Structures are given as structure tokens and as C-alpha cells.
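Peer 1: Given next are the chains, with one letter for each unit.
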Amino acid sequence: MGGLSLNRLLLSIGLLSLSMIAYQLSLMQYLSIVQWYHFAYMIIAIALLGFGTAGSFLALFRKRLLNSIEFVLPFSMGLSGIFMPFSIWLSGREFIKFDTYLLFVEQEEVWRLVLFELIFFVPFFFCALAIGLAFIRYTDRIGKLYFSNLVGSGLGGLVAVLFLWVASPLEIPFVTGFLALLAAVLILSKKRKLFLLITSVLAIILLAFSFSSPLSFNLSQYKGLSRTLDLPDTKIETQLNSPYGYVQYVSSPVLRYAPGLSLSYTGDVPVTDAVFNNGDWAGVVLKKPEDSEILNYTSFALVRELLEPKDVLVLNAGTGVKSHYFASSDSRRIFHVEPNEPVSEISLESTGILDNVEIFFQDGRSFLAESKRKYDLISLPDIGSFGGNAGLQAIQEDYLFTVEGFSMMYHQLKENGILSLTVWMDYPYRNSLKITATFAETLERNGIDDPTRQLIAVRSWNTITYLLKKTEFTQNQILTIQEFCERLSFDPLILPGISLEERTRYNSLQDESLFLYTDILLDEKREELYESYDFNIRPATDDQPYFSQFLKWQSFRHLQKLFGDQSASFFELGYLIVLVTFFQSVVLAILLIILPLFFLRGKLKKRTWILLYFSGLGLGFMFVEMVLIQRFILFLGHPVYSVAAVISAMLLFSGFGSWLSSRFERHLGSIKTVLVIIVGTLLLYSISLPWLIEVGMSANFGFRILLSLILIGLPAFFMGMPFPLGLSYLSARNESGVPWAWGINGCLSVISTSLATIIAVEAGFSIIMILAALAYLLTLGTCFVKN
Amino acid sequence: MRLGFSILWILIYFLIPVYAQQNEESRNHMVERQIKARGIEDKAVLSAMRNVQRHQLVPKDQVRNAYEDRPLPIGHGQTISQPYIVAFMTEVIQPEPNMKILEIGTGSGYQAAVLAEIVDEVYTIEIVEPLGKTARRNLNNLGYSNITSKIADGFYGWEEHAPFDAIIVTAASEYIPPPLIEQLKDGGRMVIPVGAPFTTQHLMLVEKRKGGKWKTRNLLPVRFVPFTRN
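Just so you know, the sequences run in chain order A and B. So the first sequence is residues 60 to 846, counted in my numbering. So the second sequence is residues 917 to 1146, counted in my numbering.
Extracted from the complex, chain B is given alone in its bound form (with noise of 0.2 Å):
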């Protein structure tokens, strides 16, 4: 019996760091391939995505896919983003560290996470219960303190902690609800992907200027090429 408790240790104390720095590397590789190769210069964000552990906000049977070029399911069918998609979004809304951002659709709370490496304040709000506390309970083991979450109909933003300097939508939704222009600081930006499950989306940003005037702008994560063989 003590001999196997001893081997068990043994195993745990050589293993762990291993399986640590497997995904270190994993992540290493994803910001190299995934995201610097495609464009993306933003030190702060290139950061983040080296920092946050995504096998540790995806769901067990997922985990080996964690840093995979791809969108993966969470459950209530419902995804966590493809990790250039992510960057890319963080990107877009120009983060910096003494920002206070919204995000609708927590989801598996990746984007809230790669969003707290960088500023000082996220709030996120998630409508589906169980996706929503699964999320709260994971960024609390990685020890994030700066995000605050609740479990609420995102159409109607957070109020007592609006304005914000930008929102993020990680949900694709038919329109953009009026409260959320409304909680957006003037010179805000606010950024909603489009495109179904499983496919390469395209986003939508939402520039607010003073005055109440506004410009969408609608980006491609992709470089564009042309869809034509001529």
C-alpha cells in the first residue's frame, strides 16, 4: 500500500510539471502558427494569449484539442472561439490597462480571461445558467480577481458599471440591442462576431463618435484575397 502511494507521488511530482510545460509549449506554438503568422502585432494581446490556459477553460473531453487551430464545442451548443478569432476581436477594441470592458456571452470565459491580462476591469454576463457558472467557477481557479460576472439577459448590458470603453458580443445576434450603445463611451468601441457555428466568421465593429453618431465597419479576420480565379 505505501509502495503504491509512493509510486503514485513519484509519478505526480515528475509528471505534472511535464503536462504543465507540454501545454506551455502548446501555446508557445498556437501564438507563433496561429496568431502572429496572421497578423496580429498587438504585444499586449500576444501576451495574453501566451498566458491564459485555455485546456483549463474547455471541457474535459476537449482538452486535447485546446490549442487547435479550430472552434470547439462547450456544451448547449454553444463554442469557444478559435484562438486567432479571440485575438483578433481583442485586438479590434485596442485594450489598454486602465480600460473597463463589457462582454456579452461569457461562454467558457476564455475571451473574459485573455481580455484581464490587459486591463483592470472586465464585466461578463452569460444567459445560459449552467455555461455560466461552469465559466465563474474556472476563472476563480485561475485566479482571475478582476473579472466580475453574473448570470443575466445580456440585451440589457451592466448599468451600474456602464459606461464602458468597449463592449465585446462573443454571441453572433440579429441585432444590437439599443442599451448597449447606450452603457458605450463616446470614442467606444464595440465589436460583435458574425458567421454561423463552425464557420470562419467575419466581424462587425461598432465605432462610437461623439455626438451620438456611430460607424460600423465590417472586418475580416482572414487576409482578404480575392473569390475570383481571374
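Isolated chain A, as found in the complex (with noise of 0.2 Å):
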């Protein structure tokens, strides 16, 4: 590229890797409201390899790719553009169109989840191969390289949000592809005068989409949005767009809302709109306030029988239903805490807002550690739906339903105060076990030895409403439960005194045991059950916050003969996806990264210190993302900023780190001393940022923005380094082997991604910090070891 200004070059490479990573966020979210969040991960992670081929592909044709590097280079850009909006089309032709629930029951869709994940391969491969070439050919200024990938990368999490905020996941491909070729333009010859004209018309042409898209979104049949659509007269009325999902808002004559209603109730049940979050139910819209009366006769209305609370605290408050419901007196202060801005705003300015409502946008745990106030009345999430979940919330994190989540609600309620929690029945029996079982630990954590004076709880058909109360339940309050019971058909589960007969007067359960169990998980032998029963149903702590992760593996041959393959599957499909794109990335990185091993034995030599020493780094830059962005939603308040501040973060402050390692000599003792550096500070966090992010959860936002920028920055700093120096003595010794490491460091960060969140599911995050130290240590040692 004989003309080519470096700076040029920088910009180039840096404008890619941003509209990479936009296409990269913003793809996840299309993925998400056509299937589900997990089938995005899973798709992303297969694309993501397109990094480590593109390596291989780049060792194995070097020679040929560098003697054209004129044409490839802006060519290869130009492709990824194209393929980012291309991609998408094409997935949705109806004989690629995949489906995820289908994936364990009909074989033939395993074929098309891999035809799927061929299509979103290209445009990573295409830009991989771009970045990967510019490496290899400029080897000498690969700390200044490696800083433009990363801080455009860095910028493209923090430009991906802002898209989110002003566009359509259908529109932001086309702009994501009109960056990508306008960084082939800028790099383009003014030799090449017909290719110029070719790539700016078509940049052209993807700007224009992105104003008008022709894309649209092919829902799964499965989907809440889909089948609601189905009914009669349904429609979408509004949507918008945000980081936090794309909310859709939907009216229907035919939709109602009465969850677990008293079979003894003979009225009208109220008609609602809905409010879909990527296309997922995120709660029914009331029409008016007083809809929500209709509570009046489920087993959540036990609290208002008990007590007159003054302030509420409504956590993650969704649609407001159970706001609208505590605030029908005038007497009541309610707090209506609430992470997901959009899903509040359109449904409150829908039903109205009552004067004596106060809305915060926040996580629940973040709130509820800023709030100095003591609540009589906090109110949590209904758990699982009816029948019981696919088990797709297996790995998603919730800081709320964890022994400290409890424990923090417990110390904020005041004297009388009350936590509400209803949990949907399910079969097998795991979400009422799990929330018995962690009630009892929260209260055995605060020196209660006996839970049952202070938990009750009431069954209905289908629902079960737990109570834990600050101080014992009075006489007079279990007299009330009783007639509570007794006026709506429901049955006590647990109370002082019960017996077998007054737990099932009107709703009986042919497998009886939830009694057995519950008894168990309020004395002191839970222990012996937890390791007894087929599902996991030890409580969720912070280290690990998976409360819907019932899967326990020894267990899953028991379940497959009880239940059949097909239904076994579906208890735990999230967990189960997860696993399956482990191994779907394990073997293609052997497939593309070791075989083409063997095409290139006579030339690369130090093989084994290049698979060591990348696989270390590769490993151990992913783990401690993946640990950082979960302590940081704690600590933050929200995923979103997590996600954004933690990805921009630490891309940044790598990039800083990469072009100050440019100055640094090209000898193993530099490289020795920032591994030592990143070592001991990795094992340093896996003991104290538990400790730092408790602390300052209290401290104002500004002030924790400052520390998380410090926290995340000061390893990241030094993450940064080992790459390009890594890169940068292999070039000076045996250089067809970069574009080897190169790929080895991308396979191994995408495999690390799904091997984190199975680490954090089994053993906590604190171990996945363990971990990455000594992934780096990995690294370190390769630097000791005589070639």
C-alpha cells in the first residue's frame, strides 16, 4: 500500500472495529426480539469465530494476501459492510428460517441453525480478515494498530447505545455497513478509480436504507409477540426503541388479566392492552387504576388483608399493576422502582400515574442501597409463569432473588413491615422450594432460629404468595390468614401448627411432597435435601445470582427417563444453549485454528509457545470482562451501563495500554513485568472488589462512575500490553506465525465467553477471577520456558 499514511490506516481500522462492534450489539438485539437472548449469544459466539479463521486463513494464504494487500484489504472491508444488513435478509428466507424451541424437537432445524450461523459468520470474517491483514503487514506498528482496533471498538459499544436510543435494530445494520465501507474508501488507491466509484455508490445506497429499511423482524411463532398477534383485532399501537430493548406496545379486545383468580369469584375479569420487551412479555397494561382491584381475589391480596402499609416499595415494577394496586389509598406513599425505563414509561402514561406514585428508573438492589428509608410493605416480582418456564432464565442474573438481595430488603423494612413475594406453581417443584429455602437462610443469616413465626405462605390453583414479616405474625394475623384462605378457596402451605388436611381442603396435589420438602427447608436438614433432590434448589448469592438454575448434571439421566429427551431438554433451556455453544466453539476452533496447523508445520516454528502464550491471553482478557460487567450491574445499577461502561472501558484503557507498550523494547523482560503486574492485581480483585463494590453502592452516581472507571481501567491498562508485545517479538523471530496467534487469541475469547458463564453458573464468579489470574500466569510462564 505504497501511498497509504498510517494515519489513514489508523482511521480506517479504527472506524471498522466500531462499526463492528455497533453491528455486533445491535445484531445481539435483532436475534433477541426474533428468538430468544440466548439463541443471540449463541449465533454471536459461532460468528465471533470468524476472527479465529480468518487468522488460519490469513497464515495459510500470507504470502499471496500481502502481495495484493491493495485490493484485499478495502475489498474485505467492503464485504463485512455489505454482509452486516445482507445477513440479516437473508436469515430471514424462509428456507434458512430457524427456530429455537424447535431446535430439540425436529432434527432438520439443527441444519438450519448451522446455515444460520454460516450467514452471520461472513461479515466478521470479512472485517477479521481486514483488521488481521493490516496486522501482519505492519507487525512494526502494531501497538499503534492494535490501539486503533481497540479504541474504535471501545467507541462502538459506547455508539452502538446511542443507536439504540434513535434507531431500529432493522435500520442500524445499514448504517454500521455504511461506516464499514466508508473505511475501505478512505484507505481505497485514487488509482482504483471504478472500485472507488463501486464502494462510494453502495455506501451510498446503505445510507439511504438506514432512513427507510426494507428489513423486517421474522418473529419465532413461539414468541409471546407472535402468538398474541394471532388473536383477534390485536395490534402493535406504538414502539420505540432503546439499549434497554424494543418495547412494543399492543392492544387486543380479547387479552384479560387475572393471575391465579379464585375459582369463588363470579365477575367480570378486567380486558387489558400489553407490553412486549423484545418481543418477550414484559406485563399486561390496565386499562384504568381500578382494574387492579381484580387482585383482590388472588392470593396476593393476602398483605393487604395483614396490614395498612404506609410506604410501599414496589421492586422491579414493570407495567405498574401492583403500583396502580397499593395505591388505591390515598394514605400510601408508593415507590415505584423500576430498571426498565421504556417498559414503565409507555404503560404508566397509558393507565395514568396517581399522585401518591413515585417513579425511579433503577435496579432493584442498587435502590434499595442508595434508599435510607424503612418500608412497611416491599413487594417483589411474581416468579416463573404459568405452568412454568422453558427454563430460559437459567443464567440470566438477579441480584434481587439472592441471600443478600433477602437480607438487604429484611434490614429495610420497619418494625410491622412485610416482603410479598408470589411464585407461579411449576412441576416439577423447583421455584417455591428455592424461594422456601432461601427465605429460611435469610432469616437463619439474621439470627432467627425458627422461620416459620416469621414466613407464611398461601396456595391458590396455580400460585403461591409468600410473607416474611420483620417480627412474629400475631394470633390475630394467623385468624386472618385462615379466613382469607377460607373466603377465596385457597389453602395455607405454610403457617404455625398446619396440618396435612388444612393444606389441601380445597386445591389436593396428587405428588404431595412440596409439603414434605417445604417442612424440610424450614428446619435444619435442608442441607441433607439440597443434596438430595434432582434440582438444584440451594438459595442464589451474589457470587452466584443464577436463582432460576435448577439443573444439576448428575441428575439430568434421572430427568431424561422420567420425562422423556425432549421434555428433560426444556427444563433447563438456557443452560442447555450455553453448553451446546461451548462445545459447537471448541470444536470449530479446533477445526480452524488447529488443523490448519498441519498445512503449515515446515514454516512456523515456537508453536507451542504461540497456542500457550495466546490462549492465556485470550482466556484471561474475556474472564475478567465477563466478571467485571456482573459485579459493575450491582454496582452500577443497571446491565446497560455495565455492559457499556465495562466493554468501552476496558477496550479504551487497552487501547491506551497497546500504544504505550509500542515504546516499549521487544524482549520477554518487558513482557515478564506487565504480566507480573496483571497477575497480582487480577488475584488482589478476586479478594477485595466484592468487598469495594459493597461499600460503594451507597456513594452518589458520579462518584461510583469515577471508581468504576479506576476499577475497571487499572487492569485493563495493563491487559492491553501483553497482545502486541506478544505479536511484536513473535514478528522479530518467526513472523508467519502472527497471523496464527492472532487467531488463537480471537478463538479462545470467544470460547472463554460461554466457558465464564458455565464457571460462574457452577463455582461463583470469584473462582472465573481466579481463573483469568492464572490464564495470565499461563502466559507469564511461556515467557520462562527456553526456545
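It cannot be assumed that every hint is accurate.
[Stated by the list, open to error] Calculated pairs, SDA-like style, for lysine to any residue (alpha carbon to alpha carbon, straight line, at most 25 Å):
#, chain 1, residue 1, chain 2, residue 2
1, A, K529, A, K611
2, A, K294, B, Y1072
3, B, K1049, A, G283
4, B, K1131, A, L174
5, B, K1049, A, T293
6, A, K611, B, Y1072
7, B, K1129, A, Y324
8, A, K529, A, Q541
9, B, K1049, A, Y324
10, B, K976, A, P312
11, B, K1049, A, R722
12, A, K584, A, Y565
13, B, K1131, A, K294
14, A, K294, B, A1088
Note that these hints are calculated values from the structure, not bench results. All values reported here derive from a predicted model rather than from experimental measurement.
With the hints in hand, could you dock these two chains into one complex?
Peer 2: Dropping the structure here:
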């Protein structure tokens, strides 16, 4: 690229990296809308293997590609840009259309999945090819190029968040495609006039399409929105996009709201509208606040029978049904707390807000940490869905339903305050048992030996409502509970001195083990049940905040025998998808990274060193990123802030580290020093980070942002150095190994994402941080091996 | 040309009976292995399951899977239940020839067909128009004259034909519509499946007693095995 200035190349690589990260995030949202979040996760993981494949491709055809770099570099950028929207268009065609729900049901869906993955692999592959080619062509300036790549990617994360506020996921791929084509134009030689003209025209076409996108959402027929739109006279009234999700407001004459309605009720059931987030049910929207009175005939009403609360905190209040319910009395003050701002806003605007409701768009745990107030009533969101869900929430972190979360709420109750929670009945019994265990351990942690004096539960035909009181329930309150059950044909599940007959007066169960297990969990022998039960019912903690993860691998065969392969798969669909992703990534990484090695035998020296050094970096970097994202959800109050802050700050600070590393000498001494600092910092973090976060949570937002930048930036700055230093060191000794090293790093980054999720579920975040330190230690170890 | 037609007719002549026989064998096999083996004993139910041509009620691309031991997709995010679940739900409401039964959620029409083999009158309501129309056409083709169907909101039941001896709600619902309870005879039974699509469903049985009293019972279609390993 004779006449190309370094600055233009840096700008072009930065722009391409920005467009790719922004595309990746918007694609994630698009796939979450048409399928599910887990599916999006799986597709992106495979697509990112495009980086590893490009590395192998470069290693195999290095000379030929370098000889025609003037053409290949902009051409790859251009193809990447064109395929960004084109892949989405292709994925909606009938012959390719895939459905996650059918993956474990219909065999041909497996092939469709492969096709789907292949389609989205293309733009990532070409983008990686361009970046990798620049890296191996200019290894002497790798520090600056890597800086440009990282800073571009970091800015891409921030730009994506901005895009998601102003554009739909159908429009963003055209904008990112345009940016990628612009990156190609920037480095095109003026001698190639025709190529320049075609690329510029294509860029303009993509930009025009971003204002009027020809793409459409091809939703899975099993998504809540699809099924609702099949109902007569049901239509989408309005929609808006944000980083929280794509929110759609749906009106219908046949949607009604009466969760677990008592069969004694003979009146009308109110017709409602509904809100969907990324095509999934987000809640009903009442036509008027008074419609919430239907809750009087559900088990949820129990708390209003027992106390007349003044200060009511409704956590994860969603569309506001419970807030309306409690707000019916003027003397009450309702604190409506919901992290997903658009969902609450669009719903409350429609129903209308009463004067005694204060609204906070914040994560529940973070609100509790900041709030100095005590409450008469804290109402938690319902757990599960009618009949149980298909295990899709298994790997969704939730800091409200951890023992630490419950303890925090317990402390913020007034003296006679009550915590209220409703669980949908599922079978086999999981949600209800884990909740009982969580309550019991919360009370135990707070010095209460006998939980049955402060915990009661009432069961309707399909829901269980739990009430946890700060002090013991009085005899009068127990009588009121019995009267309530009698009136609405409910049965007490947990009540002092209760008999089996009282527990099944109106609603009997063929499998009565629910009663036995509930009693055991309230007893000291609960540890034995945790061990012997086929599902994981041990309470979630902040270190493993996966309340909905119930699968025990050792029980899976037993469940398959009982329910058949298909049904057993649906118990933990979310977790199984992560596992499938992991195995797919490992197999593909072997095919794409290890196998090409055989074609390069003669040329490639220091193979073991390259493999171990860059595997350690790939694993370590992503493990740290994953833990920081999870930890900062609690600290910053929202997953969106956390993801944006961690990804962007990590990439930006790593970029600065990379830039600085270009001034270092090309020898192992400097690499060793940097790696020792990283390992030390990570080990320190594995012990001190949870504590720092807990202490800092109650500070003001500005201070928390500053502290976040320091805590994320410090390790990230150093973590940006070993990669360019390693490549630079390698290029001086064995240039043909550079693309392969780059590919290994890319592949391991992908594998480590799903691996980190599995480790987090099984062992917790602290362990991942220690493993990240060990991964960097592995890289450090390679520097001491004689070559 | 003539030769071509002749070959075609010969093929049709021989293949159709073979095809019909294969399906009958599949049904018998289904009843023996999937239904009787799991404890369904009601002779009328077993006979109905042997008679109803399930493969005629599923979408074309699912015909080859029609007698498999699992639910099948039928479009619009709906499924045709696993044969065993249909048999179990039918047995639970204790159907008899002189009965009048209401079904909420026609779906593929399979449950209505099984009921129609046993009872005198079946009324079935489907809210999703394309599903309702396809089911009506398929049930007519199979000659079920004792099934009356309509496309409407099942919330209101079918007051003109009430009261019913039993009600089967085939689609899971967060609540039981009060009009359905009202349209159930005293001593009548209502059954509702509970569970996410494609998972093994359990059932909720509602028994209406005299004087407006009722009792629910959560039933398990699989033989109960404790979920503990000790």
C-alpha cells in the first residue's frame, strides 16, 4: 500500500472496528427479538469465530494476500459492510428460517441452525480478515494498530448504545455497513477509480436504506408477541427502541388479566393491553388503575388483609399493576422502582399515574443500597410463569433473589413490615422450594432460629404467595390468614401448627412432596435436601446470582428417564444452549485453528509457545471482562450501564496500554513485568472487588462512575500490552506465526465467554477471577520456557 | 400416455391400502406402547385413540411424525398434544355416550375427534381463525357430524349449549374464566393442562360440587417418582 499514510490506515481500522462492535450489539438485539437472548448469544459466539478463521486463512495464504493487500484490504472491509444488513435479510428467508424452540424437537432445525450461523459468520470473517491483514503487514507498528482497533471497538460500544436510542435494529445494520464501506474508501488508492466509485455508490445506498429499511422482523411463532398478534383485532399500537430492548405496546379486545384468580370469583375480568420487550411478554397494561382491584381475588391480596401499609416499595414494578393496586389509598406512598425505563413509561402513560406514586428507573438492589428509608411493605416481582417457563431464564443473573438481596430488604423493613412475593406453581417443584430455602437462610443469617414464626405462605390452584415479616405474626393475623383462605378457597402452605388436611382443603396435589420438602427446608436438615433433590434448590448468592438455574448434571439422566429427552431438555433450555455454544465453539476452534497448523508445519516455529501464550491472553481477558460486567451490574445499577461501561472502558484503556507498549523494547523482560502486574492485580481483585463494590454501592452515581473507571481501567491498561508485545516479539523471530497467534487469541476469546458463564453458574464469579489470573500466569510461564 | 395413467392407477390401487394399513398399525402401536403401557385403562378411550386418524389432523410436514410419543408443532405457535396427554385428559373427565362436552381451544381438532368417538355432542371453540378453519375442514373430511365448532373467544364459553357435563381447556391459561365455571353442570369436571410448550404437562382437574362448591386437584400424567436420590 505504497502511498497509504499510517494515519489513514489507523483511522480506517478504528472505523471498521467501531462499525463491527456496533453491528454486533445491534445484531444481538435483532436476534433477541426474532428468537431469544440465548440464541443471539449462540449465533454471535459462532460468528465471532470469524476472527479465528481469518487468522488461519491469513496464515495459510499469507504471501498471496500480502501481495495484493491494496485490493484485499478494502475489498474485505467492503464485503464486511455489505454483509452486515444482507445477512439479516438472508436469515429471514423461508428456506433458512430457524426456530430455537424446535431445536430439540425437529432434527432439520440443526441444519438450519448451521446455515444461520454460517450467514452471520461472513461479515465477521471479512472484518477480521481486513484487521488481521493490516496487523501482519505492519507488525512493526502493531502497538498503534492494536490501539486503533481497541479504541474503535470501545467507541463502537458507546455508539451502539446511542444508536439503540434513536434507531431500530432494522436500521442500524445499514449505518454500520455504511461505516465499514467508508473505512474501505479511506484506504482505497485513487488509481482504482472504478473500485472507488462502486464502493462509494454502495456506501450511499446503504446510508439511504438506513432511513427506510427494507428489512423486517421475522419473529419465531413461539414468541409471546407472535402468539398474541394471532388473536383477533390485536395490533401493535406503538414501538420504541432503547438499549433496554425493543418495546412494543399491543392493544387487544381479548387479553385479560387475573393471575391465579380464585374460582370463587364470579364477576368480570378486566380487558387489558400488553407490553412486549424484544418480542417477549413484559406485562399487562391496565385500562384504568381501578382494574387492579381484580388482584383482591388472588393470593397476592393476602398482604393487604394483614396490614395497612404507609410506605410501599414495589421492586421491578414493570407495567405498574402492583403500584396501581397499592396506590388506591391516598394515605399510602408508593415507590415504583423499575430498571427498564421504556416499559414502565409506556405503560404508566397509558393507564395514568396517581399522585402518591413516585417513580424510579433503577435496579432494585441499587435502589435499596441508596435508599435510607424503611418500608411497611416491600413487594417483589412474581417468580416464574403459568405452568413454569421453559428454563430460558436459567443463566439470567438476578441480584434481587439472592440471600444477600433478601437480607438487604429484610433490614429495610419497618418493625412490623412485610416482604411479599408470589411464585407460580411449577412441576417438578423448583421455584417454590428454592424460595422457601432462600427465606429460611435469610432469617437464619439474621439470627432467627425458627423461620415458621415469621414466614407464612398461601396457595391457590396455581400460585403461592409468601409473606416474610420482620417480627413474629400475631395470633390475630394468623386468624385473618385462615379466614382469607376460607373466603377465596385457598390453602395455607406455611402456617404455625398446620395439618396436611388444612393444606389440601380446596386444592389437592397428587404429588404431596411439596409439603414434606417445604417443612424440611424450614428445618435444620435443609442441607441434606439440597444434596439429594434432583434439582438445584440451594439459594442463589451474589457470587452465583442464578436463581432460575436448577439443573444438576448428575440428575439429568434420571430426568430424561422420567420425562423423555425432549421434555428434560426444556427444563433448562437456557443453560443447555450455553453448553451447546461452548461445545460448538471448541469443535470449530479445533477445526479452524488447530487443523490449519498441519498445513504450516514447515514454516511455523515456536508452535507450543504461540498456542499457550495467546490462549492464556484470550481466556484471561474475556474472563476478566465477564466478571467485571457482572460485578458492575450491582454497582452501576443496570446491566446496560454495566455492559457499556465495562466493554468500552476496558477496550479504551487497553488501547492506551497498547499504544504505550509500542515504546517498549521487543524482549521478554518487559512482557514478564507487565504480566506479573496483571496477575497480582487480578488476584487482589478476586478478594477485594466484592467488598469494594458492597461498600461503594451506597455512594452517589458520579462517584461510582469515577470509581468504576479506576477499577476497570487499572487492569485493562496493563491487559492491553501483552498482546501487541507478544505479536511484536513473535514477528521478529517467526513472522509467519503472527496470523495464527492472532487467530488463537480470537478463538479463545469466544470459547471463554461461554466457558465463563458455565463456571459462574457452577462455581461463582470469584473463581473465574482466580482462573483469569491463572490464565495470565500461563502466559507468564511461557516467557520462562527456553525456546 | 395411456400406459402412464394405467401404471399410476395400479400404484394408487395398491399403495393406498398399504398406506392406510401402515397408519392403522402405527395407531395400534401407539395405543399399546404409549397409552396402555402408561396406565390408561378406559376401554372407550383406548378404542377412540385407535380410531382417530391423527395423521389426517396434523400439518403435511408432520404426517410422518403423527404417531410419535411427543407433541408436534401445528403452526401459530401451537402444538398438537402428545397422544398420551390427549388420552389422559379424556379419561380424566370420565366421558360417556350421552354426554355433552365443551372444548376450549380446537387447535388441530384431534382432542375433539377423540371425544366425538365416545360422547354424543362435542362443542369446540378456537380463537385463532386459521387454526379453527383448518380443524373444521379436517374434521368434516373425517366425517365427524357430532362436532360443532366456532371461531370465537373461549372466555365466554358457549352459553346457548350450556350446561356441559365436562369442559376441556386445551390451551394453558393463567386463570379459569368465571363463565366456564358457570356453564359446568353440578358434578361436572373441567380439565386444564399446565406447562410450557413441548414440556411434559401436568393437569388441573376442577370438580364442581353441588351448591357452587368446587375442588381442584393437580394431576400428574407421569407415574410419580420422587425427585430425590436417597
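Peer 1: For each hint, tell me whether it holds in the structure or not.
Peer 2: Right, here's what the structure says about each hint:
no.: 1; hint: A:K529 to A:K611; result: violated (33 Å)
no.: 2; hint: A:K294 to B:Y1072; result: holds (22 Å)
no.: 3; hint: B:K1049 to A:G283; result: holds (22 Å)
no.: 4; hint: B:K1131 to A:L174; result: violated (51 Å)
no.: 5; hint: B:K1049 to A:T293; result: holds (19 Å)
no.: 6; hint: A:K611 to B:Y1072; result: violated (43 Å)
no.: 7; hint: B:K1129 to A:Y324; result: holds (12 Å)
no.: 8; hint: A:K529 to A:Q541; result: holds (20 Å)
no.: 9; hint: B:K1049 to A:Y324; result: violated (33 Å)
no.: 10; hint: B:K976 to A:P312; result: violated (33 Å)
no.: 11; hint: B:K1049 to A:R722; result: violated (74 Å)
no.: 12; hint: A:K584 to A:Y565; result: violated (29 Å)
no.: 13; hint: B:K1131 to A:K294; result: violated (38 Å)
no.: 14; hint: A:K294 to B:A1088; result: holds (22 Å)
In this structure, the earlier hints numbered 1, 4, 6, 9, 10, 11, 12 and 13 are contradicted, and the remaining ones agree with it.
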